[in-house]
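Following the hints, position chain A against chain U.
Heads up: the sequence lines are chains U and A, in that order. Going by the numbering used here, the first residue of the first sequence is number 1, and it counts up by one from there. Going by the numbering used here, the first residue of the second sequence is number 1, and it counts up by one from there.
Incorrect hints may appear among the rest.
Note that the list lumps identical chains together, so a pair holds whenever it fits in one copy or between two copies.
[As the list claims (entries may be wrong)] In silico EDC-like pairs for lysine to aspartate or glutamate, Cα to Cα no more than 16 angstroms straight-line:
hint	residue 1	residue 2
1	LYS128	GLU54
2	LYS139	GLU34
3	LYS271	ASP178
4	LYS139	GLU81
5	LYS239	GLU228
6	LYS139	GLU252
7	LYS271	ASP206
8	LYS139	ASP178
9	LYS174	ASP59
10	LYS139	GLU54
11	LYS239	GLU291
12	LYS128	GLU228
13	LYS174	ASP227
14	LYS128	GLU93
15	LYS14	GLU260
16	LYS282	GLU228
17	LYS139	GLU175
Since the hints were made in silico from the structure, they are not lab data. Because the structure is a prediction, the values reported are computed rather than measured.
2 protein chains.
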Amino acid sequence: MEISENSFIKGIRKFSRKSNSVIRGIGDDGAVAELAAGRYVFVQDAMAEHVHFELSFMDPYYVGKKALYSNISDILAMGAEPLFYLVTVGIPERFSSGEMERMYQGMDRAAREFGVTLLGGDTVATAKDLFIDISVIGKLAAARYFGRDKARNGDLIAVTGRLGEAALGLRALKEGQDARNLKGCIRRFLSPRPPYALWKEIVKNDITDAMMDVSDGLILDLSRMMDESKKQARIHWEKVPMPRPLRQRGLEELAFGGGEDYQLLFTFPRKRLPVVAAMIEKGRAVTIIGEVVSGRGVRVYRHGSEIPSPPGGYDHFGERM
Amino acid sequence: MEISENSFIKGIRKFSRKSNSVIRGIGDDGAVAELAAGRYVFVQDAMAEHVHFELSFMDPYYVGKKALYSNISDILAMGAEPLFYLVTVGIPERFSSGEMERMYQGMDRAAREFGVTLLGGDTVATAKDLFIDISVIGKLAAARYFGRDKARNGDLIAVTGRLGEAALGLRALKEGQDARNLKGCIRRFLSPRPPYALWKEIVKNDITDAMMDVSDGLILDLSRMMDESKKQARIHWEKVPMPRPLRQRGLEELAFGGGEDYQLLFTFPRKRLPVVAAMIEKGRAVTIIGEVVSGRGVRVYRHGSEIPSPPGGYDHFGERM
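So that you can see chain U by itself, here it is in the shape it has in the complex (with noise of 0.2 angstroms):
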């Protein structure tokens, strides 16, 4: 970067908002904004060059419109809408200003769509790679929260959307595969825009129990949530939603090991299946692929019968791009 933090975030400025909760926004020691009584969601979640991107093939604008799209999913997983969020980039000598500027575009588009706040943040020099850091803070829709810990015996589990879009995306990407048919699945890993309309009916409906995003993996994140509410998930491998392109190639395991779609993973009492049911009567992305019981872990089961557990699942200390 050739500028100075000074003139930088001058430029960045723009990017700032009015609302009027806002007291102090970018230009301080720290953001003022003044908060109604309630309960807060508080999220932080980073993205590091040659783990989560390359930019050979993720022009910046998406990197910075996908680092804070999953902190955005992260909130609405727990039940809350956005409000604010700050953000640290670490930059690199060789990252040019324009660079910079494209990838604040892309959050900035990101945070239009959802109505969220910039407050500030942090822009630092790095000795060799890029990373961005996000946190946003959310309002409960409701006094309850959607943890993963909520999840009951006898609920059904669902998912939003197709699971594996964004793996095969990645993999087109990196491996420069001809990429007829795959637009979808590579828009999804540039831009997993978390459905936002669908989550809003999923909270008016007031259906969940537990629920998370699918950001490392069905089965990973499943086991993470049957952990945290210490019962056990058995998922249906026909039912579960994949796109075409994945069964078509026999890559059908990225719906189950493969990370980033940001899709929301759901459990609700089977009392409420009466409304999931006209959910999805309606067309809404919504599918049914399991049920939650007594013990623990994640059993897939095949046409009836139990198989093993595809591999994969994405944790960013055991696996890199």
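Showing chain A alone in chain U's frame:
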């Protein structure tokens, strides 16, 4: 790191302290806290390896501690009490779980000193270098904040502690200098504890107009304050408090340009001078160094005559370690 994210997160849960206002802590997509109505301050600040520190002369314990101190410093400078923090750590392969543990212990130590509760955050792998990025949420002690934009004509300018200590400490660490007489300076670089008791007294006495912390050097930080306040600062070279080893070495410039002291810089109306004088009388580490007038920028006077502004000021884009 040889351990998985799952097991690591279990490991850091021990640093999450009980707090009545925390409904849901570490272990979910986000943390949930109950907040009273009011004005809250949000800050987020990072440190990157090879830019802000080297592990060769800074144990991870101090990296963690200092990263939290620097954020708490920003919260105090806005006039708020720190409440919660979230932390993202970017971890290269070579970093051991023992080093990681020490980094969290350092943070935990700082957190206990200020009564701050760990709410969550993220741990990500990095390709090369360590980074740590912390966000802190605080609540304003009064309705007003201490902004950089609040300096008024006729205000006096004061600082806490001594300036240039951390810069001299860093120099000793980097150059492996004889550390006799420099232990205090080295401590200030490694563990720059914000002057909390003094801050409380300042808040209780309701003295300040503008306040900020001295993180990038007196001249640069004061010029930022004047920029935001649209005023001019006149400071007196011989009044700036500096440690004896700085004078002994003829390195007085470090008191003007050296960063990372995390002392508090504030302005106050002349009519509050008796209160400040009484604090000084009682031995509090407060020094009046100049005054605010109309105009722009920072002017330095020595024995009554204007001199060129001492060089320096640490801009994290412009200058690297």
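(message) So, against the hints stated earlier in the document, which numbers end up violated here?
(response) 3, 5, 6, 8, 10, 12, 13, 15, 16 and 17
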